[in-house]
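Q: Take a look at the letters that make up each chain.
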Amino acid sequence: MAEIAVIDCGPATTIQDAGRFGLQRFGVGPVGAMDRTALAIANLLVGNATDEAAIEFAGLGGRFRVSEGVARVALVGADAVLSVEGEPVAPWTSVTLRAGETFTVGAPRSGTFAMLAIAGGLDVAPALGSRSLHLRAAIGGLGGRGLRPGDALPLRRGTVDGDDLVLIDPPKPRVGPIRVVLGPQADHFTQAGIDTFLSGAYTVSQQADRMGYRLNGPRIEHANGFNIVSDGIVTGSIQVPGSGEPIVLMADRQTTGGYPKIATIISADLSRFAQLRPGETVRFAAISAAEAIAAAREEAKAIAALRGRLQPAGSIDLTSERLLALTLVGGFVDAHAEFFEEETV
Amino acid sequence: MSISSPVFLPCGDTALTVEFGREVDPHLNALTLALAAAIEDAPPGGLVETVPTYRSLMIQFDPLATDHAAIEEAVRELLPGLEASTKTARRWRVPVVYGGEFGVDLEDVAERHGLSRATLIDRHAAPVYTVAMLGFLPGFCYLAGLDPSIATPRRKDPRAVTPASSIAIGGEQANIASIEAPSGWHLIGRTPVRNFLSTRDPAFLIGAGDEVVFEPVPAERWAKLDAAAAAGEWIAQEIARG
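Sequence order for the protein chains is A and B.
Residues in the first sequence are numbered from 1 upward in steps of one, following the numbering used here.
Residues in the second sequence are numbered from 1 upward in steps of one, following the numbering used here.
Take the hints with a grain of salt, since some may be wrong.
Label pairs and their computed distance ranges (CB to CB) [to be verified]:
1) A:A290 to B:A223: 53 to 63 angstroms
2) B:L64 to A:R283: 46 to 56 angstroms
3) B:E77 to A:A290: 13 to 23 angstroms
4) A:P149 to B:D201: 27 to 37 angstroms
5) B:E180 to A:T102: 37 to 47 angstroms
6) B:P153 to A:G22: 30 to 40 angstroms
7) B:E180 to A:Q206: 34 to 44 angstroms
8) B:I239 to A:R283: 55 to 65 angstroms
One-sided excerpt, in silico: chain B residues whose CB lies under 7 angstroms from chain A [claimed, not checked]:
9) S56
10) H68
11) G139
12) A240
Calculated Cβ distances over 10 angstroms to all of chain A for the following chain B residues [claimed, not checked]:
13) K224
14) E233
15) Q237
In case anyone wonders, no lab produced these hints; they're calculated from the structure.
Note that CB positions come from ideal geometry on N, CA and C, so glycine has one too.
With the sequences and hints as input, model every part of the structure.
A: Structure follows, in structure tokens:
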């Protein structure tokens with residue numbers, strides 16, 4: 001028996017895994033971690049499968065206490081600092097906490113979403129095949145909701161084996177434009193509209209949350225109006241409503257939508273895109289569908305290769321100038337901005 | 001089933017949309033649902049899931065296991081056989097309490113069409129509807145087959161919240177709503193049926209391609225039916241087709 005008590009946390013702190021697939025035909029979107037790469041790496045650091053459910057922090061941190069048992073945790077994603085009893089833990093490491101110890105997740109200095117993985121995973125029952133919270137439908141998460149102060153999080157395992165781990169030579173975030181595949185409705189835009197989209201700089205607006213990121217920037221010209229008979233969407237679909245400004249549909253999106261989609265962010269760049277904050281700018285570059293498949297396979301290979309770069313944490317010196325920079329304020333993403341398209345066909 | 005060649009549209013590196021057409025059309029919907037069923041019967045390697053709509057089928061796949069070309073090839077092999085595919089759809093009888101607090105727009109919609117309340121209910125309850133697709137929210141059914149004489153353009157001011165399991169008219173469409181949601185549709189009734197109930201197995205009852213007939217029931221029966229549905233009973237009854 002082991003348990004973590006939630007002393008305090010931001011309003012959009014949720015349990016998320018790699019997503020709930022297989023029910024989109026019933027209108028259930030996949031949800032899941034906004035930064036899948038961070039989810040995978042955090043899980044690797046605590047010895048879990050890469051898709052194990054973890055705690056996702058959205059712009060704000062939290063404070064916890066191990067109330068029973070022993071817990072090994074790792075925090076990866078947005079540039080937030082994990083501290084144990086006030087002492088910062090080095091990034092890219094896991095740390096073992098004993099009963100009674102308090103730990104905090106700081107607000108990120110950059111990025112938005114941080115994932116806290118726990119060795120052995122959380123002892124919450126999967127709902128319809130996943131532990132990810134689907135907020136709107138109250139499926140998954142902690143009894144169909146996010147975390148709140150006062151919650152107790154049971155762990156599946158209350159003991160730890162072996163050493164805490166450190167990831168040597170952690171992956172450097174890719175720079176450059178976010179890669180997209182044009183379509184599925186690129187032909188609903190003029191060539192000038194597509195050129196605008198691919199050459200313009202777009203700023204993430206305040207309306208950015210797990211459902212979608214509304215972008216501000218050069219207006220994209222439609223070719224044949226801006227309504228289509230709804231069809232399926234994926235996480236990363238970029239729809240352009242009548243305003244001409246794009247909306248990127250994210251993990252909590254609906255399953256179908258009635259605005260034309262000019263392009264789709266490739267899966268290998270979704271985590272990087274998700275970490276953009278309101279006010280930050282982004283550019284897009286088109287690649288072919290085949291190149292996008294190759295990028296997904298490269299990304300999977302790169303994450304698999306990280307296993308070979310995990311070492312016992314005690315074996316290296318963990319001092320880092322980064323540890324001095326614990327910040328307590330950070331960006332805030334409005335978790336309740338409404339992105340719902342009431343309409344569909 | 002005549003099959004015009006569909007268009008294959010990439011959705012990034014994780015999905016391919018097979019587009020049969022761009023309109024709301026029963027034939028396109030039938031093709032879409034037949035392809036969804038054929039894929040379910042013989043899933044190509046790397047398949048994640050499919051999302052049928054009025055006019056297209058999105059096929060989501062694992063880019064580590066397959067690619068657009070392989071999925072397209074698998075679909076092309078299935079297309080000629082779609083004609084012969086037997087419909088495995090179920091037909092459901094769904095009780096509805098019309099009007100009053102259960103359907104606050106019933107009077108208004110009847111008046112708009114110059115119909116009595118009873119005639120509007122008759123016309124709404126007469127057809128055998130086809131579930132064209134589910135979307136918007138878990139369990140939300142879009143129904144094809146509304147009597148065109150009671151089609152009603154959506155409200156100018158959508159409501160921020162409408163009750164769970166509302167039965168409504170939105171333009172030329174009918175629906176079965178699931179959970180509380182914003183909506184601009186006209187609320188004419190409510191069913192005790194929970195088409196989505198996460199605590200029930202199965203969590204979903206009525207699926208795309210199924211058929212629905214509505215059965216008007218008096219308001220006095222609501223409390224009992226609703227309590228039974230909340231406790232996990234289906235309430236929707238599967239009935240013989242034909």
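Q: Which of the numbered hints are not met once you compare them with the structure shown?
A: 2, 7, 12
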